[in-house]
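Start from chain A and add chain B according to the hints.
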Amino acid sequence: MTTQLDNMYRDLILDHYEHPRNCHELNHTDRTEEGFNPLCGDHVNIQFEQDGRTITDISVCTKGCAICTASGSIMSDILKGLSVDETKSMVENVKAFLTGDRDIDPADLPSSLQALSGVRKFPIRIKCALLPWTTAELALNKK
Amino acid sequence: MNTKGVIDMLEGVQNDFPVLKNHPGLAYLDSAASTQKPSVVLDAMDHFYRFNYANIHRGVYSLSEQATASYEAARMRIARFIHAKSPENLVFTRNTTESINLVAATIGESMVREGDEIVVTIMEHHANFVPWQQLALKKGATLKVVGIDRETLELDMAELASAITDKTRFVCCTMASNVLGATPNVAEVTRLARKFGALTVFDAAQFVPHHPLDITSFEPDFLALSGHKMLGADGFGVLYGKSEHLASMPPFMTGGDMIENVTIEKTTYSQPPQKFEAGTPFIAGAISLHSAIDYLENIGLDRIQEHETELARLADEKLRAMGKVRLYRNANRIHNGILPFNVEGVHPHDVATILGDMDICVRAGHHCAQPLIHFMDEIAMIRASFYLYNTEEDVERLVAGIQKTLEVFHK
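In order, the protein sequence lines correspond to chains A and B.
Be aware that the first sequence starts at 16, since it is given in our numbering, and climbs by one per residue.
Be aware that the second sequence starts at 1162, since it is given in our numbering, and climbs by one per residue.
If we strip away everything but chain A, and leave its shape as in the complex, we get (with noise of 0.2 Å):
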């Protein structure tokens, strides 16, 4: 097996794999979003608890493989707390970072995000990645 592989599959995707945060009934609704992924049947329910602008508390629940379902809960962990623009900003900039579209500096980035680094060198894979980032996208585009 590659390194590559070893550093796509590491022990923090597996923990988020295996147990991941965030998957929860929030106080109220304010956006829901739902998100599949035809190719391996991955689907993840975002929901979006707000105090006017700011995000007080988010789910994630994800049924799926390790990166999406890893990807999902890392990102639960970092929006929490954001602004809906600031988020709005995150989410462009992760998806940046995982499809290579914009050079963007890690450094810029939550370091728990560089725990899907790896999943770069496997194209197939980067769409499961950024599924939950792609449905955050669409919650927070609803009117």
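Bear in mind the hints are in silico, worked out from the structure with no lab data behind them.
Every value quoted in this text rests on a predicted model; they were computed, and no experiment measured them.
Just so you know, not all the hints are guaranteed correct.
Here are some chain B residues the structure puts well away from chain A; computed CB gaps all over 12 Å [stated by the list, open to error]: (1) Ala1230; (2) Lys1328; (3) Ser1409; (4) Asn1422; (5) Thr1428; (6) Gly1461; (7) Asp1477; (8) Val1507; (9) Gly1526; (10) Glu1553.
Listed next, the in silico DSS-like pairs over lysine-lysine satisfying Cα-Cα at most 27 Å (straight line) [claimed, not checked]: (11) Lys110/A <-> Lys157/A; (12) Lys1485/B <-> Lys78/A; (13) Lys136/A <-> Lys1572/B.
Ideal placement from N, C-alpha and C gives every residue a C-beta, glycine not left out.
Using the frame of chain A, we list chain B on its own:
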């Protein structure tokens, strides 16, 4: 026959397949998705393009006559392969999906009315499911889905028998499930359908690569297959239809090559099968399937079946012994070299990524059969599929790959 004897029987066949020679160390276990091509098939296509190429059914020059003769010779060869009464029963399409869409969009469209029923099975590939679901929705008809027995993982024949009524217009059934490999009793399916005057549509895509097929034994109304699953080129498929249906069906697509006479006001159409073959077809595709059938029959489909079943049985035994692998098959039978499984606690897509990294090619996902995967309470599955060119070494590689997966996921 002992295990070794069966597996050795097709030794050397790998050398006929350039992709396998060009990727030493590759364990190609995804033949149920598409097969690799032997040199003879590639040579037949190459020879056609280099020496005989011209459009068919048009030119009066000798090259076009030769091309037409090769194309029609393929039709005769495929007709003989499935024991069709006449080559004219065969319509050439792009694949099984197009073949079935053709039936749904022509005779399906004209026969199905509001309140009618269409019976399909839960085992269908989306190719033999979605066209019928959509036709039923469009017409206000009912789509009845027949399940499988959860113990044997075979089609529930009793449920099928009670699903078919005098309102049933079509019974659409796979001849071999692309997920489970299971092969329904098609003679019984046809008998039940005929009792109520329903037409049968069989998806033979996963069946014909592994078994001799004699359609006179069950007389389907329609039957579809794809060349690429049996060593032929991708993009070439076949629809068999009974003569009386083909004669009365409206065309599927209109345009070149399917007309008798065109005036500004109206068009009259050619006779079947040309009526259903609008536009320049994949001529080399037909030639490729002709050559592939020769190759397969020369080796012998029975031998191929024995070989692949033995490999799948060996893999089944070794994976079972690992304890953490759940295999989805009837304990007594492996069909069509297909082995569906999951690794406990690891998503199939992660398994396939780790295997892929070790040059082991398997399919992971819903296998274009989402209703079946949901019926079995799964999100996705891994499928290893064996064919004539696989070896015992491929089985060892698969087992080592699963072992590695368990290590990576600390299982």
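Check your understanding: Which numbered hints are broken by the structure, listed smallest first?
Key -> 8, 9
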